[in-house]
Amino acid sequence: MALLEFDDVSVTYRSGGVDVPAVRGVTLSVDAGETLGIAGESGCGKTTLTSTVLRMQPKSAKVTGQVRLGGEDILGMSWGKIRAVRWAQASVVFQGAMHALNPVQRIGDQLAEPILLHSPKTSKASADTRVGELLEMVGLPARRAKAYPHQLSGGQKQRVMIAMALACGPQLIVADEPTTALDVMVQAQVLTVLAGLVKDLGVGMVFISHDLSVLSSACDRIAVMYAGRIVEEGPAAEVFDHPKHPYAAALAGAFPRIGDTRFRYAPAGLPGDPPFPGDLPSGCPFHPRCPRAIESCATGAEPELLQVGDRRTACLLVQGASA
Amino acid sequence: MSSDLDAPRTLTPRAIARTRRRESLAGFSRSFRKSRGGMLGLVIILIFITLALLAPFLFSRSELDVTQATAAPYLSPSLSYPLGTDDSGRSVLALVVWGARVSLLVGLCATVLSMFIGTSVGIMSGHFRGFTGGSLDRVTEWFLVIPYLPLAIVLATVLGKSMLVIIVVIGVTSWPGTARLIRAQTLSVGARPYLERARALGGSNWHQMRKHLLPNVMPLVLANTTLAVSISILSETTLSFLGLGDPTAVSWGSILETAFDNGAISLGAWWYLAAPGICVVLVVVAFNLMGRAIEGILDPKEEII
Amino acid sequence: MSLFQEAGVPGAASMLTRTSRGVNPTARYVVNRVVAAVGTFFFVIVFNFFLFRMLPGDPIALYTKGRDVDPEEMRRLRAAYTQPIWEQFVTYLKNPFAPGAQSVRYNLPAWEVIGTRVWPTLLLVGSATIIATIVGVWLGIRSAWARGKRFDKVSTNTTLVLYSMPEFWFGMILLIVFSAGIFGLPGIFPSGGLSTPGVDTGTPLGWLNVAWHLVLPVTTLAVIYLAEYSLIMRASLIDEMGQDYLQTARAKGLRDKGVRKRHAVPNAMLPTMTLIFLNLGFVVGGAITIEYVFSINGLGSLTVDALRGPDIPLLQALFILFSGAVILANLVADLLYGVLDPRVRT
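Protein chains in written order, with this note's numbering: chain A, 1 to 323; chain B, 1 to 305; chain C, 1 to 346.
Heads up, some of the hints might be wrong.
[Said to hold, decoys possible] Calculated pairs, PhoX-like style, for lysine-lysine (alpha carbon to alpha carbon, straight line, at most 25 angstroms): (1) A:Lys121 to C:Lys257; (2) C:Lys153 to C:Lys261; (3) C:Lys149 to C:Lys257; (4) A:Lys121 to C:Lys261; (5) A:Lys59 to A:Lys81; (6) C:Lys149 to A:Lys59; (7) A:Lys62 to C:Lys149; (8) C:Lys153 to B:Lys34; (9) C:Lys153 to A:Lys124; (10) C:Lys261 to C:Lys149; (11) A:Lys81 to A:Lys121; (12) C:Lys153 to C:Lys257; (13) A:Lys81 to C:Lys257; (14) A:Lys121 to A:Lys146.
[Unchecked claim] Take a look, some chain B residues computed to stay more than 10 angstroms from chain C by CB distance: (15) Ile47; (16) Ser88; (17) Gly130; (18) Phe131; (19) Ser204; (20) Val285.
Hint data in this document are derived by calculation from the structure and do not stem from the laboratory.
Remember, predicted model here, so these are calculated numbers, not experimental data.
Every residue gets a Cβ at the ideal spot worked out from N, C-alpha and C, and that includes glycine.
Please put together the full structure from these sequences, using the hints given.
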């Protein structure tokens with residue numbers, strides 16, 4: 001049984017009188033000890049999808065399908081169970097650690113908060129010890145617990161967020177763009193910490209990023225999302241080096257590999273913008289920007305996600321070729 | 001083939017700017033019309049302005065003359081006197097309608113004065129760094145800290161009892177709030193690249209302030225003006241009530257003053273007190289509604305009630 | 001635009017960008033604010049001096065109106081006025097509070113007159129402010145949390161209307177309804193004053209009597225103040241509710257109430273408390289008009305009497321007093337903020 005399973009999940013919310021399908025029929029799974037990367041541009045639905053794991057999607061959102069954590073459907077749980085699940089079974093490292101911390105509380109208090117919340121009988125002393133342990137796990141000295149968020153650097157704040165995510169020993173961590181706002185050196189540090197934790201603690205991780213190159217080195221598998229659906233999914237290195245879907249290829253091509261002379265001739269970037277989820281193009285939603293689109297991409301039905309070997313792809317051309 | 005190529009176009013920058021401004025104005029009024037609060041406020045204010053302008057035609061000035069009052073004092077509302085009569089037998093309705101003229105006029109003039117001072121000081125203190133800007137800011141802060149009513153009382157006592165004094169007093173005491181707001185906006189606009197460009201091109205301070213800063217703070221000024229009018233009207237009412245206005249002028253505040261001084265409360269003449277007060281509340285609420293609607297349009301993230 | 005820029009919290013916002021180097025930043029902040037407050041007060045004194053010299057007509061006559069001043073003193077006063085303005089200023093600075101300045105009307109030193117009238121004002125304004133703060137803050141929190149729903153719409157619209165009312169008018173309406181009685185309903189509250197004449201206010205029964213007299217004026221002020229406080233609290237909390245760290249708190253498994261009580265509200269209280277202090281000028285204005293309407297013998301009605309004269313020495317003293325009180329309140333607000341917000345403190 002997988003640790004986390006998305007079973008044909010769709011999330012639709014109402015905005016300005018229109019139904020906006022942010023996520024459409026996504027099926028994915030993550031096992032314990034495995035890292036799944038979700039890649040895509042802004043607005044493709046990756047954050048909305050993962051917000052369902054802790055049932056933190058916007059109040060106006062309608063969710064169909066099942067999101068199973070440890071076999072149990074999150075969406076059907078009682079409110080009390082959800083609060084117990086939050087942080088203790090699965091936690092989130094939010095995008096933008098700059099503001100995800102309460103600016104007027106000490107780091108130590110914020111780290112201790114979920115511990116005391118989920119095990120109310122914990123003594124102050126043991127909570128403090130645990131806080132010290134957590135900080136050391138992410139490479140920060142334990143005495144930093146007395147600091148306020150504004151006294152820490154961006155990278156340090158991000159590591160505090162990771163430490164906080166570990167506080168209750170969850171089985172799954174969702175890391176939403178954990179390295180996006182950081183410079184390259186700090187990025188490498190944070191990625192090392194995350195990889196170490198996955199190895200040592202055996203947690204499952206969902207890693208969201210728009211940077212495919214980061215995902216290729218940090219994750220076991222990658223799923224690429226576009227317009228609310230998965231368009232390609234498979235082993236990380238494979239997807240990055242040999243992408244099958246044109247969008248995945250464009251994403252991979254957008255991040256230069258130093259020393260690769262071929263790269264200078266590869267198309268950099270795509271024309272246009274991702275479609276607004278409430279107003280999707282006909283047929284394959286990617287066809288207006290696709291460099292290899294054919295007529296049936298626009299006129300036919302939306303291509304399904306078909307599995308070939310260890311790769312799933314949603315593209316008529318790929319499916320035609322392997323047929 | 002597009003037929004636009006054939007049509008003659010005047011592409012002078014001025015023409016473009018003018019069309020753009022016209023379009024944005026049209027867009028603004030469209031959004032404003034959608035706001036229920038704003039439209040309600042506008043309607044109320046227009047009604048009051050109309051009443052104020054038509055006052056001489058609705059009630060002759062003699063109705064305000066104490067010596068010519070024919071009715072009995074303190075009559076409760078009736079068909080012939082819809083708002084009853086005052087302590088001298090004058091129709092309260094006539095008083096209130098005529099009072100609208102003074103209250104609205106004083107409120108508007110005081111606001112113009114306070115907005116003018118406030119915007120100028122705000123832009124200048126935001127734009128000029130160093131001693132000028134700093135000292136302007138200090139002056140603003142000083143005026144902000146001093147409690148409004150004691151200052152107004154002191155000024156009015158020194159300057160005398162007339163409506164002009166009231167206008168000046170209100171203008172001089174309420175500009176700091178605007179100045180602070182405009183200063184903050186100027187500082188944030190001033191950091192933007194096109195201002196740097198203007199400076200690099202050799203634009204003088206006056207040019208920068210007039211052509212770039214001012215148009216950019218204008219929307220904020222507009223929103224603030226409507227709120228400032230409501231404050232001015234409340235201030236005028238208070239100052240007249242305390243007896244600092246022109247004793248011969250009839251404003252809503254002075255009606256309340258006369259009513260209070262002549263014991264309207266103990267006599268239970270509620271109509272005499274309610275009418276001018278309700279007018280003040282209606283007008284102030286109306287301006288507040290309009291101000292909030294404008295704020296909502298200019299900054300969609302802002303809270304709209 | 002942040003609430004802070006609107007209110008113009010003097011100096012605090014810029015403090016946030018200071019780095020903590022060298023001298024303890026808290027100490028530096030405190031000294032900075034105290035110096036600013038003293039500076040502002042100094043300008044009040046200067047203003048006081050020059051303003052009253054602008055009076056039209058013979059200032060001496062105005063100064064001593066209604067009093068029997070012996071010719072010797074008159075000559076002295078006139079001599080003082082003919083000195084060059086700078087010499088007068090220096091003399092004034094030596095003794096800006098002019099303890100000897102006689103109130104024209106009462107024939108007593110102005111400050112002595114003020115001394116006897118402080119207590120009623122403190123009682124009135126103090127009770128009104130305490131009630132208004134408690135109720136206003138609660139209302140603001142409830143409204144912000146129930147934003148957009150019926151409770152919020154009703155309370156926000158009501159407070160907006162209340163905030164648009166002249167407070168003295170509201171007081172008069174309350175008087176006419178509950179004291180004089182209209183439409184056949186009897187009035188049950190006293191029509192003014194702080195206590196019924198003849199009642200000894202030192203006894204518990206006397207206190208009840210005073211409380212009875214205070215019901216209407218305190219209600220008037222409290223209602224008007226709480227309208228403003230609740231709007232401030234609501235805006236502050238809504239600002240805070242948009243912050244990301246609340247999402248973190250919720251993800252940790254905190255209940256809505258917990259998120260509110262432990263994170264959102266404490267953070268929103270900071271700017272709210274400061275703004276409430278900063279609006280003390282507003283409170284002073286209310287005190288003046290309400291004491292007048294309800295015939296309460298405090299500093300407010302003293303001010304109204306003084307402006308009728310005009311009793312210049314008294315007005316000068318009152319102006320210094322009111323300004324000083326508000327400057328002090330602003331200083332306390334600044335200090336409170338500097339002490340409570342760790343971003344400024346460390």
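Ascending list of hint numbers which this structure does not respect: 9, 20
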